[in-house]
Every structure is written in C-alpha cells, then in structure tokens.
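**Student:** Take a look at the letters that make up each chain.
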Amino acid sequence: MLRPKNDLLQGTLALLVLKTLARGPHHGYGITLHIQMVSKDILRVEEGSLYPALHRMEQDGWVSAEWGVSENNRRARYYRLTFRGRKQLAEEEKNWERLTEAVAQVLQFV
Amino acid sequence: MSWIARLRGMLNRQRLDRELDEELRSHVEMRTADNLAAGMSPEDARFAAQKRFGNFTLLKEDTRAVDIIGWLDECARDFRYALRMLKRSPGFTAVAVLTLALGIGANSAIFSVVDAILLRPLPYPEPERLVRIWESSAKYDSPRNVVNPLNFLDWRDHSQSFESMAAISGAMTNLSFHGQPVALQGMQVSPEFFSILRVPPLLGRTFSAADGVAGQDHVVILSYELWQRQYGANPKIIDAKIDVDAVPFTVIGVMPGGFSFPKIKSEVWTPLPLARTAEWKEGRYLTVVARLKQGVSLSQAQQDMQRVANFTAQARPDNNKYWSANVFPMLEDVTQGVRRPLWVLLASVSFLLLIACANVANLLLMRGTARLRELAVRSALGAARSRIVRQLFVESLLLSLAGMAAGLLLAQLGLRSLLALIPQNAPLPRSEPIAMDFRVLLFTFLASLLTAVAFGLVPALRLSRVDLQSALKHGTLRSGVGGHQALRRSFVVAEVSLALLLSVGAGLMLRSFARLISVDPGFSPEHLLTMHIWTSPARYFDNLKRSQYFDRMLTEIRATPGVRAAGSTHFLPLKRMFSGSCFSPADQPASSPSDWPSAQFLIISSGYLQTMSTALLSGRDFDDRDRFSSQPVAMVNHAFVERFYSGQSVLGKQLRVCWTMEKPVEIVGVVADARQAQLQDTPEPTIFLSNSQAPMYFATLVVRAAGDPGPIARSAEAAIHRVDPEQAVSDIQTMETVFSDSVSSPRFQAVLLMMFAGLAVALATIGVYGVVSYSISQRANEIGIRIALGARSANVVRLVLREALTLAVIALLLGLAGALALSRVLESLLFEVTPTDPITLASACFIVLAVSALAAVLPARRAMRIDPIVALRYE
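From first to last, the protein sequence lines stand for chains A and B. First residue of the first sequence: 1, per this note's numbering; consecutive thereafter. First residue of the second sequence: 111, per this note's numbering; consecutive thereafter.
Fair warning: there could be bad hints in the mix.
Stated by the list, open to error - Think about it this way: if two alpha-carbon atoms lie no more than 20 Å apart in a straight line, the pair counts; the simulated DMTMM-like pairs of lysine to aspartate or glutamate are:
no., chain 1, residue 1, chain 2, residue 2
1, B, K170, A, E66
2, B, K685, B, E636
3, A, K19, A, E97
4, B, K403, B, D353
5, B, K685, B, E794
6, B, K403, B, E238
7, B, K161, A, D41
8, B, K763, B, D733
9, A, K40, A, E91
10, B, K170, A, E46
11, B, K161, A, E97
12, B, K170, A, E58
13, B, K773, B, D841
14, A, K40, B, D144
15, B, K249, B, D733
To be verified - So these bits of chain A aren't anywhere near chain B, every CB distance computed over 12 Å:
no., residue
16, K19
17, T20
18, I31
19, E47
20, L50
21, A65
22, R74
23, A76
24, R86
25, K87
26, L89
27, T100
28, A102
29, V103
30, V106
Unchecked claim - Between beta-carbon pairs, the in silico distance windows are:
no., chain 1, residue 1, chain 2, residue 2, range
31, B, R162, A, F109, 39 to 47 Å
32, A, F109, B, S151, 49 to 57 Å
33, B, Q522, A, D60, 44 to 52 Å
34, B, A175, A, S64, 17 to 25 Å
35, B, S600, A, T12, 55 to 63 Å
36, A, G24, B, F157, 53 to 61 Å
37, B, A143, A, T12, 23 to 31 Å
38, B, R971, A, S64, 48 to 56 Å
39, B, S600, A, S64, 53 to 61 Å
Source of the hints: derived by calculation from the structure; they are not laboratory data. On a predicted model such as this, the values are computed, not experimentally measured, just so you know. The beta carbon of each residue, even a glycine, is placed where N, CA and C say it ideally should be.
Build out the structure end to end from the sequences listed, making use of the hints.
**Tutor:** Next comes the structure, spelled out in structure tokens:
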C-alpha cells in the first residue's frame, strides 16, 4: 500500500485535524482557518495535504463526512469526529506529549 | 497502482470525481468570499484563493488515489469476510456450489458446441461476403437444389453481383501409396474456388484459369494433413507427379493445415473442367459458392440471380422451366438444419441454470434467516443498508465463481462425452474443432456474473430490508421474516414449472426418437456389410467395361465363404442421398421434358433387393437377361404405382426416363417401398434402373453375411482385389452402423434433453423439499397443538402434502401454459409426434407431481413425529 507509516508530518496533521474536529463538525476550509487562527498564523495547513488526509481518516473510520450548508449558504462537505476518531485523538495526543517531552529532554541535555 | 485498482477506480470514478470536485471547489469559493470580505477586489480575491490552494489537479489526483485505495480495501474486507462466512457453513456452501456448477457447466459445454458451429465466423477473410447459390424449384419443393453445369456457366458469365463464382463437385479420388490403392474424399473445383475463399497455399500455388481447361487440368493440390501423412512433409512434392485415379497429375500446391470447406472433409483438390459441350449437361450436381462484390447486399444479389435465372429458363426451357435461383449467406447455408436443434438445446440448458439459480436463491434466503441476528448486529453498529446488500452480494459472487470453477471442470468432462455422441464420419457443418477456448471461458465468466445477480440480488435486497430492530428485540428470528416464505414459494413454483417444461420437451424428443427407430425401413439392416467403390474414369470409361467390372466384383464376393448375398446400389439408404429424374410414359405423346413428372431413381444390381431383404411385389428382379445391349428394363416401387398408375398393373409398360434417354425402359417388376434418404422421409415414387445397363462411376456394395458381418470385410475386400488389385475400397461399415449414425442427431437431442430434464426435476425436488420442510419447522408449534388436540397422523400428513401439491399444481398449470406457448419451436424437430402430444404432457405432469409428493414425504414424517410438549415448550 502507498500509505506511509510513522510519518511525523502526517501524524501531526492528523492530530491537528482531529483536535479541531473535537470541537464540532467542520468543513475542510474551516479546519485550515481554525488551525491558522489558533496557531497565530504559525501553522498553515496546505490543502495539498489536508484533503488526502481527510479522506484517509474517513476510510479509517476516524471521521465521517456528510454534505451540509456553510455559514454563508454554500454547500460544503462537513467532517465529524467518530467514536473511533475520539479514541485515536486521545492516543495521538498522548504520543505527541511523549514526543515533545522526549525532544525537550534531548534539548535540555547539556 | 495495480491494474485491478485502476479498473475498480474507473468503475467508481465518476461518483468520486463529482463529489471531490464539488468539495474542493467549495473550499476555493469560501476562501474567495473571505478575501472579498477582507476588502480585496473580486479578481484578486479569486486569484489569491486559487494561488493559495495550489495545483488543483495534482491535489485532486492525490485525494482520489486515497479514495480508490480505500474502496479497494473495503472490497477486500468484504471478500475476506464472505470467505469466512462460507467456510463456516461448509454444507450450505457445498450444495450451492455443486448446484451452480451443474448449471454453469452444462451451459458452458453446450455453448462451446453452439459457438463452434453457429456463432464463430467462417475461417476465411471477410466471411460475411461469402454466399452459396442454389437452383430452386417451387414445382419440386426444392429451395436448395444442386446446380446444372450450363446454368452455372451462365450464372458466372451474366451475373453482376459477385467478385467471382465457383462450382464444386465433391468426389472420391483414388490415390496409390506404395502400391496400395486408397480412396480419399476429394473435391473437383472450378479454378476460382481458392481465390473466392482467399486462402493462399502453404506451398506452391492454387489453380489458375488455365487449369480449368480440359486437357490441361491434370494438376492437383494436397491438404496439409495428407502431405504430412503420406508424403513425409517433403517440400519437394511440388511439381512431382502422382497418380490420381490412375492418371499422372502434377502436384502444384499444398494447402495450410486446418484448411477445409464446410461439410466436405476433402484432402485432394483437382480442377473441374466445365465446358458447354460437357457430358451430363442436363443433370444437376454442382454446389456453387461465390463472393459478393464489396457493398452489394444479399437482396441485390438475389434479384440479380433471379434475372439471370429468367434468362436461363428462356434459353433452355426443356431443362429450366419452373427453375430459379436462391442466394444464401454461406454460414447460414451450411448450418441450416442444425441451427434450431442447437438453439433449443442452449435454451433448455439455460432453463436448467435458472432452476439452479432459484434453488440457490432459496438456500440463501433460508440461511439469511438464520443469520438475521448477525445482520441486525451489523446494522445496529452503523452499517448502511447498501453496505449489507453489498456484503451479501459479495458472498453470492464468491459462490458463483466457485460454481464456475467447478462447472468448467464438469463442462470439460461433459463436452468429451457429448462429442462422443456424434458419429465420427458425420457430415458436420463446420470442421473447426469444438473445444473450451477463450470465447467459451468468457461466456462462462459472464454467465457466472449474471448467475450471481440472478440468485444473489433478490435475497440480498430482501434480507437487508428486514426490520432488524424487532429481530434483535424479539430474540426469536421467526417473526419479521414471514414474507420470505412467499418469495421462496414463488421461486419453487418457477423452478417446478421450468422442470415440467424441460420434461415435456425431453418426453417429446424421446417419443419422437422411439417412433423414428421403430420405423420399418423396408429392408433389414442386420448382418449387412456396406462398402463404397469409386472406379477410376480413366480405366473404366467405357460403360460396358464398367458394368462388367461391377458384375465380376459381385460374382467374386458372392463366392466368398460366409457371404449369403451381394448387390450394389448407387446411393446407399439413410445417407441423405437420392437422385431425381423426370420421366414420362412412352405411350403418351412427348411434350417438353420440363412438364414431365419427376421421380427418384436408383441404379441397382441384380440381387440388391434380395440382399437387402426388400420384397418384390410382382414381376421379376433384374437378372442375367438384362445385359448392357439388351432391352433396357426398370422396376418401380409401390409408391410409384400408387401415384402415377393409381395402383393398376404396370408390368410391361414403357417409360422414357430423362436420366437415360437413348431408349425407353420397360417395367419388369414392382418393389415394396423402402426408406431412402432418411428414415423420416416417407417413400417417394422411385424408378430402379439396372447397374448392368446404366452403371455410374461409383456404387456401394452391400453384402449379407451368414453371421457377424465384421469378419467378412477383409475377405470381401480381397475378392475385389482379385478382380482389380488397384481398386480402392472405402467406407466399410455395417448397415447397422449406418442406421445408427443416421439417427445420431435426434438421438443426440433426445439424450441431452433427457439429461437436462432429469437434472431439472432433481433440482426442483430439492427445492420443494426445502420449502416444505422449512415451513414445517416454522409451523412446529401449530402442528404440536393440533396433535395435542387429537389430530391423527393422517391429518398431519395431509396438511404437509397439501402444501407441496398446491405448489406443484400451480407450477404444472404455468408449465403447461409455457409448453403450449413454446410448442411451435419444437414442431419441426419432431417425428410423428405433435408438440401437444397428450400422453407426453400427461406423463410429464405425473412425474412432476409424483416427485413433488415424494419431496414432501420426509418433512411429513418429521411433522408426524412432532412431540407436542417439546414443540410448545420451545416457544
């Protein structure tokens, strides 16, 4: 299969998307806006990675998608976190903490 | 990505594409709108949004790849799951696969025959432009009559629709290998023959126009097989001289392997010199093949030929009045007569597959009911209905593919025994091999997919619609599925009625076949040996010499130990051969021969009738008095006397016979009627001429042995070689073999239909059994209560039987209606049996009813033994 494993960036993107969706259903554009805004423009999600990632998460059953109408009356595809997605989010958050902790420890080591 | 993925992707691409497009577009639009709101100009807003978005197409490709892989994954999951489910109930799987294998295998075997004979184009370039042209006569009811040579020459010279036209005269040819004479099937063809078929030779050349001129025609082309077998595949054979019918011919070419012409298994081709001055120019004996000009339609060609036929009728009215011409596409022409029986077989075998489908569909419904809880759980966990339908359908697909694999094995075996039913020297319309090839595999694969849809879709839709919640809640699975029993009953009714239809067809064929073989042929085939003699025209050109030659051969054979009698005829009975001639009573004024009546004629030796045990009704047989130069004599058969002399005495009357016009013949005897061309044909008025007075170049000798005719073949052949060591003898067969081969085609149909009907009835029985026993298990507590309230065994049995017989009776009515509707299809295949033959219909109905009742016996016994206490406690 083409799916890369243990890809840091991929993993991070999934974490960010899942976390964003934990607040409630969003369409793809909304997700980019939210991440950009909350990270104060430091993190910019590229559409080129976002949509393949969203569709992959949909197949893995972490998110489900349905068509809805956006705030300004546009048809958009809304993604919603599933039960499995929630579990995955918890997992990824734990992994992320472990990772940042580890990196911090390496950096503090003089 | 592998090719499967690409294929799957393509199947699903449109929907995915549309959705994805819309999703991405809405993204761009939302950003554009935000940019606008932030104060950008509309163009800038759009441009910025697009720039930010990046390469739209690339993004789409990436995302789509993810979607397709996901879809594939799902399919793989479905397949793995289906495989697990099937493994979990091996009994069900085995029965379903076996049922499907029978249905699919039978179809695959019959289709390979239909394809090889009817569907495949003829093995020549642009075969659709090849036609055969016949003379036709409404007066003699003959739409496909062999052609007169002068007419052929006029056709060839005056018609405008054809690139070229060739005449063929099939003939035996004597070759000599190491001093051993061998008779081979040959073809004399006019030079255009090979260029019409457009098949180039493997070695050397084919005929040119010069080869068709009398005197320059001593050239010969060999088949690849003959070249391999007798000439050691030596390429130096070209320009070598070989003896053909005792005359040296130059070999000019060898045809490629497998080259053949329909219905004639020729190994040797020689030119057919045709000139307007030829001998036999009154007779009709040529087969004509032609290639249509580019763009000329069949009806144009037909009109053209009618015009030319009008011309020949005016030019030679004595021979051509009442005659015209017919053009037929070559494939249609050569398969004429086998098309309907083959389509009937294919239709019957597809009915068998339908029955198999109905049975498996019922099995699936029954199993589905048992799996209701599983389906309910999956649905409760969020599986969409489409997901469940797909899941169930994938299981059907797997069953069907397994059925296909097993079916192909069965087909391979079946085809072998099927082909064994066809006699070896039967004149099959096509000589290409009948085998399971790519086309058959493709057909089988498509048929299996269709089968999966046929038996899988309805149960899948039905089961997925069941009210799953109530199924879960109740814990018992009986409720909520009552409707399936109605569906299952209608499946069973359908299969029983189809089984009845097949039984009626098989019964009709069987009765027709029994009628056919009990026909009195007018001779007795036991202890008879037959052998074909083709004399070389070069050595026996003289009629007197030839007639004496035949007489000497017969005398020598009669003197052989173990031989009771011997004689000869120019056409052996039951070989689909007969000749016709016009005639008129000599005591009536001579009008134009075209207005004379016509009769069949047969050239026989003295002793032929006695050898065949055909009775002489009055007068005498030919004998030693009838010499070549004495008064020409004839015998006629009973049908002739009835038709033309209304039963009065004909002995001593004189006939002018077109076949031998020199002198009138005197009728010296009347012969009992016998079948000639085939058993089906009622005896036609026939004139017998003496082989001593009008010998042909060929004859079939018949020899009656005191005992088993097989062993005298060698001594009879030796007797012939004592007269002429260079005489080839071919087609040595007992008359019983000839008899049996002549009915091989109706036997083939009857045997196959019986087999299909047997399988159909067996499957339908299983179907009835399944439905009835399921319904008993459903009604166990009702029956328990009845028994508790004092119902007797007889009442219970009646209850069960009533259910089975109700189904059977509905099916019978439907099946009979179908049989009546289809009766016309079979009519032309039946001999002395009408398609609505009451005995056949009644016995088919009886068999189906009896078998249905039988199918209910086991469930009935189970119902009788239901213990009311157990049944009631269960609930």
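**Student:** Compare the structure with each hint and give your call.
**Tutor:** Hints, verified against the model:
1. Restraint check for K170 of chain B and E66 of chain A: the C-alpha separation of about 19 Å stays at or below 20 Å, so the hint holds.
2. A threshold of 20 Å between alpha carbons decides the hint, and for K685 of chain B with E636 of chain B the separation of about 17 Å falls inside it, so the pair holds.
3. For a cut-off of 20 Å, the pair hint linking K19 of chain A to E97 of chain A stands: about 14 Å separates their Cα positions.
4. At roughly 38 Å between alpha-carbon atoms, K403 of chain B and D353 of chain B are farther apart than 20 Å, so this suggested pair is violated.
5. The hinted pair formed by K685 of chain B and E794 of chain B meets the criterion: a straight-line CA distance of about 15 Å does not exceed 20 Å.
6. The hinted pair formed by K403 of chain B and E238 of chain B meets the criterion: a straight-line CA distance of about 11 Å does not exceed 20 Å.
7. Restraint check for K161 of chain B and D41 of chain A: the C-alpha separation of about 18 Å stays at or below 20 Å, so the hint holds.
8. Restraint check: the Cα-Cα separation between K763 of chain B and D733 of chain B comes to about 18 Å, which is no more than 20 Å; the hinted pair holds.
9. Pair hint K40 of chain A plus E91 of chain A does not hold up; C-alpha atoms about 25 Å apart against a cutoff of 20 Å.
10. For the given pair, K170 of chain B sits about 13 Å from E46 of chain A by alpha-carbon distance, which is consistent with the 20 Å threshold.
11. Distance hint between K161 of chain B and E97 of chain A is unfulfilled; the C-alpha atoms sit about 35 Å from each other, more than 20 Å.
12. Taking the CA atoms of K170 of chain B and E58 of chain A, the gap is about 16 Å. The hint holds against a cut of 20 Å.
13. In summary, the hint linking K773 of chain B to D841 of chain B is not supported, as the alpha carbons are separated by about 34 Å, beyond the 20 Å threshold.
14. Restraint check for K40 of chain A and D144 of chain B: the C-alpha separation of about 18 Å stays at or below 20 Å, so the hint holds.
15. Using a Cα cut-off of 20 Å, the hinted pair K249 of chain B and D733 of chain B is violated, with the two alpha carbons roughly 36 Å apart.
16. With a least CB separation of 20 Å from chain B, K19 of chain A remains clear of the 12 Å interface cut-off, as annotated.
17. Distance check for T20 of chain A against chain B: the nearest CB is about 15 Å away, which clears 12 Å, and the non-interface claim stands.
18. In this structure I31 of chain A is not separated from chain B by more than 12 Å, as the shortest Cβ-Cβ distance comes to only about 10 Å.
19. Separation of E47 of chain A from chain B is inadequate, the least Cβ-Cβ distance of about 5 Å not exceeding the 12 Å criterion.
20. For L50 of chain A, the condition that its CB be more than 12 Å from all CB atoms of chain B is violated, with the nearest at approximately 9 Å.
21. With a minimum CB-CB distance of about 9 Å to chain B, A65 of chain A fails to clear the 12 Å threshold, and the non-interface call is violated.
22. Once the 12 Å rule is applied to beta carbons, R74 of chain A is inconsistent with being away from chain B; the minimum gap is 6 Å.
23. Listed as outside the interface, A76 of chain A is inconsistent with that label: its C-beta sits roughly 5 Å from the nearest C-beta of chain B, within the 12 Å cut-off.
24. No beta-carbon of chain B is positioned within 12 Å of the beta-carbon of R86 of chain A; the least distance is around 15 Å.
25. Chain B leaves K87 of chain A outside its interface by the beta-carbon criterion, the shortest separation being 15 Å against a cut-off of 12 Å.
26. The claim that L89 of chain A is not at the interface with chain B holds, since no C-beta of that chain comes within 12 Å of its own (minimum 19 Å).
27. Distance to chain B confirms T100 of chain A as a non-interface residue, since its nearest Cβ pair spans about 28 Å, more than 12 Å.
28. Non-interface call for A102 of chain A relative to chain B: holds, since the shortest CB-CB distance, roughly 30 Å, exceeds 12 Å.
29. The claim that V103 of chain A lies off the interface holds: its Cβ sits roughly 29 Å from the closest Cβ of chain B, which is beyond the 12 Å cut-off.
30. The claim that V106 of chain A lies off the interface holds: its Cβ sits roughly 33 Å from the closest Cβ of chain B, which is beyond the 12 Å cut-off.
31. For R162 of chain B and F109 of chain A, the Cβ-Cβ distance of about 40 Å falls inside the hinted range of 39 to 47 Å, so the restraint holds.
32. Between F109 of chain A and S151 of chain B the C-beta distance comes to about 54 Å, which sits within the given range of 49 to 57 Å.
33. Between Q522 of chain B and D60 of chain A the beta carbons are some 45 Å apart, a value that agrees with the proposed interval 44 to 52 Å.
34. The hint said 17 to 25 Å for the Cβ distance between A175 of chain B and S64 of chain A, and at roughly 21 Å that hint holds.
35. Taking 55 to 63 Å as the suggested C-beta distance range, the pair S600 of chain B and T12 of chain A conforms, at roughly 59 Å.
36. Checked against the hint of 53 to 61 Å, the pair G24 of chain A and F157 of chain B fails, with Cβ atoms roughly 32 Å apart.
37. In this structure the hint that A143 of chain B and T12 of chain A lie 23 to 31 Å apart at CB holds, the actual value being about 29 Å.
38. For the pair R971 of chain B and S64 of chain A, the supplied restraint of 48 to 56 Å holds, since their beta-carbon distance comes to about 54 Å.
39. Remark: the range hint 53 to 61 Å for S600 of chain B to S64 of chain A is contradicted by a beta-carbon distance near 39 Å.
In this structure, the earlier hints numbered 4, 9, 11, 13, 15, 18, 19, 20, 21, 22, 23, 36 and 39 are contradicted, and the remaining ones agree with it.
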